[in-house]
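Work out the full structure: start from the sequences and follow the hints.
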Amino acid sequence: MAAPAVRRWGLRAGHLGIVGLFTVFTAFPFYWMLITTFKRETDLLKRANNPFVYNEPPTLENVRILFEETLYGRWLANTLFVGLLVVVITLLLSLPAGYALARLTGRWGERLGIGIFLTYLVPPTLLFIPMARVIGDLGLQDSLWSLVLVYPSFTVPFCTWLLMGFFKAIPPDLEEAAMIDGHSRLGAFVRVVVPISVAGILTVVIFTLTLVMQEFVYALTFITAARNFTVSVGVPTFLVHGDVYFWGSLMAGAFISSVPIAILYNLFVDRFIAGFTVGAVK
Amino acid sequence: MATVEARRVSKQFGDVRAVDGVDLSTREGEFLVLLGPSGCGKTTLLRMIAGLERPTGGEILIGGQVVNDLPPRARRIAMVFQSYALYPHMSVFRNIAFPLKAAGMPRAEIPQKVEWAAALFGIERLLERKPRQLSGGERQRVALARAVVREPAVFLLDEPLSNLDAKLRASARDELQQFQRRIGTTTIYVTHDQVEAMGLGDRIAVMEGGRVRQIGTPAEVYDEPADTFVAGFLGSPPTNLVEAADVLVGFRPEHFLPREAHTDGGNLTTLPFHITRVEYLGADRILYGALEGRFEGARVVARLATTVEAKVQAGRTQDFAVRARELKFFDKVTGLRTTARVP
Chain F
0 MAAPAVRRWG LRAGHLGIVG LFTVFTAFPF YWMLITTFKR ETDLLKRANN
50 PFVYNEPPTL ENVRILFEET LYGRWLANTL FVGLLVVVIT LLLSLPAGYA
100 LARLTGRWGE RLGIGIFLTY LVPPTLLFIP MARVIGDLGL QDSLWSLVLV
150 YPSFTVPFCT WLLMGFFKAI PPDLEEAAMI DGHSRLGAFV RVVVPISVAG
200 ILTVVIFTLT LVMQEFVYAL TFITAARNFT VSVGVPTFLV HGDVYFWGSL
250 MAGAFISSVP IAILYNLFVD RFIAGFTVGA VK
Chain G
0 MATVEARRVS KQFGDVRAVD GVDLSTREGE FLVLLGPSGC GKTTLLRMIA
50 GLERPTGGEI LIGGQVVNDL PPRARRIAMV FQSYALYPHM SVFRNIAFPL
100 KAAGMPRAEI PQKVEWAAAL FGIERLLERK PRQLSGGERQ RVALARAVVR
150 EPAVFLLDEP LSNLDAKLRA SARDELQQFQ RRIGTTTIYV THDQVEAMGL
200 GDRIAVMEGG RVRQIGTPAE VYDEPADTFV AGFLGSPPTN LVEAADVLVG
250 FRPEHFLPRE AHTDGGNLTT LPFHITRVEY LGADRILYGA LEGRFEGARV
300 VARLATTVEA KVQAGRTQDF AVRARELKFF DKVTGLRTTA RVP
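Chains as they are written, first to last, in numbering that gives the first Met the number 0: chain F, 0 to 281; chain G, 0 to 342.
Please note: incorrect hints may appear among the correct ones.
Pairs of lysine to any residue, SDA-like flavour, derived with a Cα cap of 20 angstroms [said to hold, decoys possible]:
| id | chain 1 | residue 1 | chain 2 | residue 2 |
| --- | --- | --- | --- | --- |
| 1 | G | Lys100 | F | Arg190 |
| 2 | F | Lys167 | G | Ser82 |
| 3 | G | Lys129 | F | Val197 |
| 4 | G | Lys129 | F | Val193 |
| 5 | G | Lys100 | F | Gly186 |
| 6 | G | Lys129 | F | Arg190 |
I should point out that these hints are in silico values taken from the structure, not numbers from a laboratory.
Written as structure tokens, this is what we have:
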């Protein structure tokens with residue numbers, strides 16, 4: 000065989016090998032959650048068993064526990080409720096803010112943009128104490144509305160910064176053309192800039208939903224009643240009794256709530272990546 | 000239809016005076032070209048007329064009405080951008096319909112109007128496409144159709160041909176002018192390309208350093224330049240400028256011919272010309288060199304049409320001549336045109 004052919008096949012094999020490794024690495028947690036969900040307790044705990052396969056027939060018992068003996072359905076609904084509201088609030092605030100930073104403030108735009116990004120870097124573990132006071136004063140303890148109020152504090156800065164990059168990549172000519180064609184600046188923004196930025200808006204939606212679904216500290220601090228929990232707090236609170244872990248149900252809970260996000264990511268993965276790199280290059 | 004007038008309009012960007020007290024007015028239905036090198040303020044002036052920039056001083060009038068405080072949408076203008084600025088998420092049809100919808104035209108009347116504008120530019124078959132599926136020339140037509148569709152009082156065009164390749168540009172220029180003549184709408188056209196300006200404009204306003212240096216018909220600005228800038232900017236190669244006592248003497252390369260080539264006689268000024276290089280360009284020969292004798296060392300260029308059969312050779316000094324009426328005189332300090340003085 001000729002040397003270039005060998006080289007080509009070598010490169011190909013190396014390429015596939017690396018991709019394969021990463022695939023296994025990222026898919027393994029899903030596989031683990033899925034098989035554990037349907038494993039019997041005895042199968043799980045016997046040390047002689049091969050942990051990667053079913054040694055005893057699968058069961059639906061864990062899923063039954065999750066849905067019948069905990070408020071999992073309710074938690075899912077809570078999470079969705081908070082998530083959607085936070086998405087709406089985030090879009091309402093960060094679309095105009097990002098646009099303003101990209102267009103209207105001249106050289107101050109960039110500095111403000113960096114400033115806003117820096118506020119995103121302040122960790123929730125530092126903020127939850129002062130936030131608790133605010134929530135207390137507003138009388139929102141143990142209410143989902145406390146989360147609706149608090150979550151935008153970290154989604155808005157990041158999404159503003161993200162959208163700013165998007166808007167900067169849109170030529171100002173387009174808005175100016177729309178303004179000459181008969182619209183105000185706001186009209187040009189709504190009819191031309193927003194439709195062109197669909198990719199950015201999708202990125203914001205997915206990103207915000209993900210953050211809300213995984214958030215733990217605020218949800219644990221501000222919510223006390225079980226029926227108000229979100230998935231990220233409810234599942235570990237109710238399926239870990241002291242040092243007894245209900246592994247099957249835990250994994251079922253984690254699997255069910257992570258799959259929709261994974262699907263969402265995969266549907267929009269190209270646009271999502273564009274969302275993070277646009278503006279970086281230009 | 001309307002005229003556009005600028006009264007002592009200026010624009011300051013920080014420390015930079017982009018437009019410096021410009022007075023300008025178009026005539027009814029005129030094709031006025033703003034010509035100048037990049038950074039001369041021509042685009043800023045156009046954007047102020049469009050309402051995209053606010054003047055820091057002076058007034059802008061459209062149709063006799065001061066429009067300084069009107070937003071772009073209220074000025075009854077249409078603009079074609081250098082980038083064409085087609086809305087990428089809309090089909091050609093929706094792009095052209097966009098200004099009509101914004102103006103609140105009844106839904107039923109829109110298709111007819113769009114088709115009328117599309118027919119003007121021969122783009123009826125492109126109406127379903129998206130801008131990214133169009134060639135440069137097609138995009139330019141769509142941009143023009145979008146501008147014309149709501150029958151504005153004034154057209155503003157910002158280098159609309161600069162993104163086309165050379166061949167297409169010539170035919171687009173031709174179409175553009177025919178179209179403007181047909182609809183007769185006052186048009187202001189910005190370009191840095193003197194060929195475009197000379198070919199298209201009823202009048203040309205030559206700008207430099209934020210000021211209008213001269214405004215006149217193509218023949219006026221070319222034949223009777225108001226100052227050394229205009230003389231040097233127009234023409235290729237530009238006007239020769241030679242220092243003589245207290246004035247600058249200017250003459251066009253195509254008027255600087257071998258003495259024997261001036262067959263019609265007349266009052267000739269003879270200048271010995273040492274040729275250093277000859278460029279053969281097909282239709283013309285361009286001769287580079289320096290004068291000798293009275294203006295020893297002054298570098299000048301001559302342009303001989305191939306119909307001038309005189310023999311020229313690099314390395315030789317030959318007698319060249321300019322007709323006395325082709326000599327233009329400029330003040331050495333201000334660069335402005337002065338009266339004739341015998342050099």
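Quick rundown of the hints versus the structure:
no. : hint                : verdict
1   : G:Lys100 / F:Arg190 : 11 angstroms, holds
2   : F:Lys167 / G:Ser82  : 16 angstroms, holds
3   : G:Lys129 / F:Val197 : 17 angstroms, holds
4   : G:Lys129 / F:Val193 : 18 angstroms, holds
5   : G:Lys100 / F:Gly186 : 12 angstroms, holds
6   : G:Lys129 / F:Arg190 : 17 angstroms, holds
When the structure is compared with the earlier hints, no violation turns up for any of them.
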